[in-house]
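One line per chain: the protein sequences are A and B, in this order. Take 56 as the starting number for the first sequence in the working numbering and just add one per residue. Take 57 as the starting number for the second sequence in the working numbering and just add one per residue.
Hints were generated in silico from the structure; no laboratory data involved. Treat each hint with caution, since some may be false.
[As the list claims (entries may be wrong)] Below, simulated BS3-like cross-link-like pairs (lysine-lysine); rule was C-alpha separation at most 27 Å, straight line:
1) A:208 with B:203
2) B:133 with A:203
3) B:128 with A:203
4) B:128 with B:84
5) A:203 with B:84
6) B:84 with A:143
7) B:257 with A:130
[Said to hold, decoys possible] Sample of chain A residues lacking proximity to chain B, with all beta carbon distances greater than 10 Å (derived):
8) 138
9) 142
10) 143
11) 155
12) 157
13) 165
14) 174
15) 183
16) 191
17) 202
18) 218
19) 220
20) 222
Keep in mind it's a predicted model, so treat the numbers as computed, not measured. Virtual Cβ for every residue (Gly too), placed ideally from N, Cα, C.
The residues making up each chain are set out below.
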Amino acid sequence: MKKLFTLFILISSLAGFSQAQKKADKATNQWKYEIECAGIGTDGTYLVKVWSYSKNGKIAITQAKKNAVHGIIFKGFSGGERGCNAQKPLTTNPNIESEKEEFFLSFFEEGGKYMKYVSESTDGNIDASDRMKVGKEYKIGVIVSVSKDALRKDLEAAGIIRSLSSGF
Amino acid sequence: MKKIVNIKKTLALFTIFFVSFAFSQAKKPTIMIVPSDVWCNTNGYMMEFDNQGTKVKIPNYKKVFQENMDIKTVISKINTLMAERGFPLKDMESAIKTLEAESAENNLTSSKTGAGIAESPIDKIKKVAKADIIIQLTWETKQVGPKKSVNFILQGIDSYTDKQIAAAQGTGAPSFSAEIPVLLEEAVLAHVDNFNAQLQKHFDDMFENGREIIVRIKKFNGWSGNLEKQYDGQDLSVIIEDWIAKNTVKGRFNTSDATENTMLFEQVRIPLYDSKNRATDARGFLRGLQDYLKNAPYSIPNKLTMKGLGQAVIILGEK
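Isolated chain A, as found in the complex (with noise of 0.2 Å):
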C-alpha cells in the first residue's frame, strides 16, 4: 500500500512539473518574459539578464535559457546601464516564427539544440533581488550568456536568416 502510494506521488508530481513546463513553453511563446542586457559578453556572445515567469521557481530558471535564445532571435533586447547598448533581434522577418514553425518546434523542445549556445553565468545562484513572487507566480532573474556567432551562423546555415554577403 506504501509503495502505491509513492508511486502515485512520483507521478502526480511528475505530471504537475510537465505541466508547469508547458506553461512556461507557452509563456515564452506568447513573449511572457523580459530580456535586457546585462554586460558586454565576450567575443561572440551577449550576457543578458531574462525575466521569467512560473508558478515553479526551478522551472522559471531553466525556462531562462530558452527565453534568452528566443529573445535574442525574436525580440532583440534593450539596454542596461552605461555601455550596455540595446540589440536588435537577429531576424528582421516578423513572420518568421510561423514560417519556419517546424524548425523552430523542434529547436526549442526540451533538450532541444538551443541548449547548444547558451550557459548560465550565475550557475543556478540566483540574488536574492532578482526573485520575486507575483500574484501566484515567481518573477526570476537570470544572468545568461548567449553565443550569438554560433547562433547566427547556424540560423544562416539552415536557410532562416540571411547572411550579411548573401545575394554578393
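Could you slot chain B onto chain A? The hints should help.
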C-alpha cells in the same frame, strides 16, 4: 524523333538559364574604415596648405597609420568581425601603400622606344584610396576623476549618394582600471552588431528596389548642340529623362538639376542584373543610354566615365 530533340534542346536551354540565374551574384560593394576628420583634427593628424590664399586643412592618413596604435586596434577588430560575417574590409593603410607603389612603378616603366605610361590629369585625381561604402570612425576618451570611458561613433556612408546607410554610437561603461585599447575593443563589440543590422537592411532594400546611383549628363564645349535641342518636337533632356524612367526599377529617380548644359539625376534605382543576367553597376546601366544616344536618330557621340559602382557621367559631343 525530331520532337524529342526539340524537347531536349528546350530542357538544356532552361537548365542553362536557371543555373546562370541561380548562381549570378550582385556586385559586392567594397567597404573601408576611415578615421573621421574630427578625430584626425583632435588628435593632431591634419596637414595644412594654402589654396590660393585660403588655408585648408586635410587629414594626413599616412601619419595616422604610422603613429597611432589605438586606431590599428580598432580597425583590426572591426575587420576581424566583418570578415567573420563574410564581408572582409578593404584596409586603408594597405590601399595607400599600393597606390604609392603603383605610382612609383608607373614613373619607372617605359617601353623599348622610351614611351611612358599614359596618365591624364583626371586619372591622377582619381588615384586615391576609395571604397563603395566608407565607415567613418570617431572616438573620444573621457575622464571623470580616475574613471575613464570611451564615446564611440561608427558611420557608414555610401560614397556615391553621400547617404548615411548605417550608424552606431554610444558611451561605454566608465572604468577605473581598464586601459584605452580594452575600452575600445569593448566599444567595437557593443556596437558592431547594430551597425551590421542596419547595413543588412540597406542591402535588403538594394535587392528589393535596385542599387541607388547618381547619373550626370554634361556636354563638351565644342559640341554645337545642347540639352534643349529638339528631336521630333521633344527636348533632348526629356528624351534622356524618358529613357531613365523606362529603364529604372519601378521608374524611380529624381531629376535634381536640368539646364541646357547639364543634368543631374539622383536616387536613380537601377536593376542589379542586366538583360543578359550579368551583375551590373552605374557604368553598365548607362552604357544603354550611351548607345541609345549614339545611334540614329540622335547620332550624338558621347563619352562615358564612372566612379565606382554608383556614379557615372555621360559627356555629350565627343568621344
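Going through the hints against the structure:
With a CA separation close to 37 Å, the supplied pair residue 208 (chain A) and residue 203 (chain B) exceeds the 27 Å bound. The suggested pairing of residue 133 (chain B) with residue 203 (chain A) holds, with an alpha-carbon distance near 17 Å, which does not exceed 27 Å. With a CA separation close to 25 Å, the supplied pair residue 128 (chain B) and residue 203 (chain A) stays within the 27 Å bound. A threshold of 27 Å between alpha carbons decides the hint, and for residue 128 (chain B) with residue 84 (chain B) the separation of about 25 Å falls inside it, so the pair holds.
A threshold of 27 Å between alpha carbons decides the hint, and for residue 203 (chain A) with residue 84 (chain B) the separation of about 25 Å falls inside it, so the pair holds. For the proposed pair residue 84 (chain B) and residue 143 (chain A), the alpha carbon gap of about 24 Å is at most 27 Å, so the pair holds. Taking the CA atoms of residue 257 (chain B) and residue 130 (chain A), the gap is near 17 Å; set against the 27 Å cutoff, the hint holds. Annotated as non-interface, residue 138 (chain A) brings its C-beta within 10 Å of a C-beta of chain B; the closest such distance is 3 Å.
Once the 10 Å rule is applied to beta carbons, residue 142 (chain A) is inconsistent with being away from chain B; the minimum gap is 6 Å. Consistency note on residue 143 (chain A): stated as away from chain B, yet its beta-carbon is not over 10 Å from all of that chain's, at 4 Å minimum. Every CB of chain B lies more than 10 Å from the CB of residue 155 (chain A), the least distance being 18 Å, so the non-interface label holds. The beta carbon of residue 157 (chain A) sits about 24 Å from the closest Cβ of chain B, which is more than 10 Å, so the claim that it is off the interface holds.
At roughly 29 Å from the closest C-beta of chain B, the C-beta of residue 165 (chain A) stays outside 10 Å, upholding its exclusion from the interface. For residue 174 (chain A), the shortest C-beta to C-beta distance to chain B comes to about 18 Å, beyond the 10 Å cut-off, and the non-interface label holds. Its beta-carbon lying about 24 Å from the closest one in chain B, residue 183 (chain A) satisfies the requirement of being farther than 10 Å from that chain. For residue 191 (chain A), the shortest C-beta to C-beta distance to chain B comes to about 37 Å, beyond the 10 Å cut-off, and the non-interface label holds.
With a minimum CB-CB distance of about 13 Å to chain B, residue 202 (chain A) clears the 10 Å threshold, and the non-interface call stands. Not every CB of chain B is more than 10 Å from the CB of residue 218 (chain A) (nearest about 6 Å), against its label as outside the interface. Against the 10 Å criterion, residue 220 (chain A) falls within the reach of chain B, whose nearest CB is about 3 Å from its own CB. For residue 222 (chain A), the shortest C-beta to C-beta distance to chain B comes to about 5 Å, within the 10 Å cut-off, and the non-interface label is violated.
Hint compliance for this structure: hints 1, 8, 9, 10, 18, 19 and 20 are broken, all remaining hints hold.
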